[in-house]
Amino acid sequence: MSRIFWCLFFTFWPIVAIVVCAIAPAMDWSFPGNREAATPLGQRIDDLFYLILGIVTVAFIGTMGALAYVLWKGSRNEDEKGWFSHGSHNLEVIWTIVPSGVLLFIALYQIDVWAIYRVRDYENRDVDPRPAHLVAEVTARQFEWRIRYPAPGTKFKTYKQVKDWLAKPHAGDVYAVNKLFVPLNRETLIYLKSGDVQHAFFVPDLRVKQDAMPGQSIDIWFTVNRAGKFNLTCAELCGWGHYKMRGEVEAVADLQAELRRLKSLQDYDGVTPPQATSAKASGEATP
Amino acid sequence: MISRPLILTLLALLPLAVGCGDYQAEFVHDERVEELQKSSPDAAVNVRGILAEHFGSPNTLVAWGALPIDFGEISGTVLSSTDINTLRIALDSDPPGRLGRVAVVLGTKTPHNRLAADYDAANRTLRLVPQDGAAAVAPGTTIRLIGHNLQAGRRLFMQHCMHCHGVTGDGNGPTARYIANHRLNPRPRDYRRGLFKFTSTKNGFYASRDDLRRTITQGLAGTYMPSFLLMETEKLDAIVEYVRFLAMRGEVERRLLDHLKDLMPTADGKPPADLKSLEKELAVDGFAEAFADAASLVAENWSNAELPENSVNPSQARLPDTATSRLKGRNLFISTKINCAKCHGEGGRGNGAFLGDFQKNPETQQNYETPGLRDAWHNMIRPRNLTSGVYRGGRRPLDVFRRVTAGIKATPMAGFATLPEEDRWHLVNYVLSIPIDGAFFDEHGHQYHGGTNPHAGHDHSDGHSHETPHATDDSQPKGSSPADSRTTKPVPTKSAQDKKTQP
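Just so you know, the sequences run in chain order A and B. Each residue of the first sequence is one higher than the one before, starting from 36 at the first, in this note's numbering. Each residue of the second sequence is one higher than the one before, starting from 1341 at the first, in this note's numbering.
Hints are computed from structural coordinates only; laboratory data are not their basis. Heads up, some of the hints might be wrong.
Said to hold, decoys possible - Taking lysine to aspartate or glutamate and the EDC-like style, the derived pairs with C-alpha atoms no more than 16 Å apart in a straight line are:
1) A:K279 <-> B:E1572
2) A:K244 <-> A:D199
3) A:K214 <-> B:E1572
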C-alpha cells in the first residue's frame, strides 16, 4: 500500500508542475504585461528563454518519467535485490557529458543575442550609426529619473560631439523628469548616469535592464517597435525610497514634435502661451 | 502535553506577527509645549487640548470648517436605518476609493454629528461608530460625509512623505537625519511655519495649491525631494490638502505658543514671578480668543495665497535673449543695487563674500556661532551655484522671473519687485545663460568661461578655435549642433547681438 502511495506521490507532483507551466500563458502568469517584447532584440531574448524552457521541459519530463517508471517497477518486484550503481564509470561519463553538451550548446547559441545587445549591431557597419540616434541622457537619482534631451532637431555625427554634449548643459536642451520619450521603430541610444548610488534602468516590456554606476555614462541601445507606454522601474535596491522610482517610457512616432512641445513648455514666460498642448500633458517638462 | 513539533511550528510563525500591533501615530507637539509644561502645566494641558479638539490626531482627523481646506464632502439622503448605527444611504456621488473615518453630519436645521466606521458601496450601507445618546435616524434625513479627501491625503502622506517630513510635518521623519547629515542637501521642509521656499506668490505671501502641486510633481531638482510625476491627479490633490492641513495645524500651535511666551520658564529655569495672574490672563481668559485669532490669521494667509492678484506674473513677455540683454543682466548682477554677486559670487558659483559673515539669529538677536547664510529654520544654506544648471524652483523663464521678483521665501534670497520688469528679464536671461556660456563678460561685452583672461587657457586642441572674438559666424543657428555650438560658442559681435540663443 505505502509503496504504491509513494509511486503516485512522486508521479503526481511532476504532472502538477507540467500542467501549471502549460496553462501559465493563458492565466497571465507569463512575461511582464503578458505581452511580447516591444523590441526585436527582446523578442530574441524571449526566444532564448523559450528554447531553454523547452530543453528543461524535455529533461524534466524524461527524468520524472524515468523516476516514476523505476518506482513502479521496483514496487512490483519483491524478489530482485537493488543494483548498487555508485562508482559506475560509464554512468558518471554519461551524466557529465550529456549536460555539458547541452550547456555548451546554450552557451554558443546565445552568443549572438548578447553580441547584438552590446556590440555587433553597429560594429560591422561602415559608418557607426549610434551618435545619430542619441535620444537622451538619463540620470538616476534617489529617487527619480532626471532626463535631458538635446535641443530639438540636433544631429550628432561623431562620438566626440556626443561626449561634448554629455559633458555639460547646452543651449536648447530639453529637461524632463520620470517620463522618457523614445522614437518608434528607430534605433535609440540613451546614456545612463547615476547622481548618487547604484540604480538600474529596467523597462520590462522592452527587456532592457542596465545598471547605472556612479561616475560612468553607460550606453543603452534598443529599438522600440510598438507604440505605447512602458513602465520604467529601478531594479537595483538603491535606498529607502527605491519603490518611488516609478517612471514611464513612451514610444512616439514623432519624437521631434514631442520635444518641441516639451521645449515650448520649458520656455514658458508667463505671457506668451506655449505651443498647443493637451491639458493633461502640461507640466511634464521643466523640472 | 504539547508536542515539540507544534511548539517549533508556532515559534517559526512568530515573526509573521511582528508589526501586527495596533500602532497609533500621534502628532508631536512643538518643543516649547514641553518648556511650558515645566512652568505652567495647566497652560500646556490647555494647548494640547485645544489642538486635539480642532485638529484631532492622525487617525481621527478633525475637519474644522474655519480652515480653507478642501476636506472632501459628499452629500446624500438616508434611505432607511437598520438600527441606530447602520444606515442605508443614497449619495450624490461615489466616494473615490476608501471612505475612511469621515465625519457624518445628519440633518440640516439641528445637525447631529456622528463618525463613520465603514461604508459598503455595493450595498450602500454606512456603519457609524457607536455613540452615547445617539438617536435613531429617520429616513429622508439629509446626510453629509466630510473629510474623505483629508483621509486619503493622510494615507498617501504616511506612505510617501512621512518618512522625511514626519507625522506632524515637522521635517523630522525617520529618514530625515540621513538627509540632514548630508552637507549637500537641505533638510526636509518643516511645514509648521507656513513657509515654503518655491512659490508663485509675491513676497510675504504663502504657497498656493498649484505651487505645492508643482513641487510634488516636479520634485526639487538637486535635493532629495523626488518627483511624483506619475501620481494620479486626485491623489496629488489629496496630498496637497493634507500638507496644507499640517502646515496650518503647526502654525496655529506656534502662534498660540507665541501668545503664551510670558508663561515660559525664565532664563534660570524658574516659572515667571506673577505666574498665577499671567496664567489667568493668557491661558484662561484670553486663551480661546488667542486661538481663534491665530487660526483666522493662518486661514487668511493661506486663502490669500490662492488669489490671482497675489501671484507674480510678468506683464510683458520675456525680452529676447540677446548678448546685450545678458550683459545688462550681468551688470545688474554685480551691481551694489541688488548685490546678487555678494552671495552668488562674481562667477555665479555660489561663493560670494557674504558667506564669510556672521548672520544674526532673528529670534535671539544674537549672531550665530558660525559664519554663513541661514534660513528661517536656522539651517545653514548655500546660495545656488548658478553654473550647475540645476534650478530647484524650476527652469522656466517664468520660474526664474518669480525667484528674482519674490525671492525664495524663508531664505536670505530677497525679491526685487521694485526693479523695473525689463531689468528682471535681463537678469533672467543672464542667469539662464550662465551654465551654458559662463558668467563673465570681457571688455567687448562677450561672455566667456571663468578666469581672468578670456582668451587664455582655452583648449584648442580640437582644431577649432574661437580666439577671434569678432567671429561673425552666425549662420549656424545655436543648438542645431551641440558640438558646433561649443566651438563657435557665443562670441556675439555687435552685428550678431540680436541673434537669439534659444532656437
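So, going through the hints one by one against the coordinates:
no.	hint	in the structure
1	A:K279 <-> B:E1572	14 Å, holds
2	A:K244 <-> A:D199	26 Å, violated
3	A:K214 <-> B:E1572	14 Å, holds
Checked against the numbered hints above, the structure violates only hint 2.
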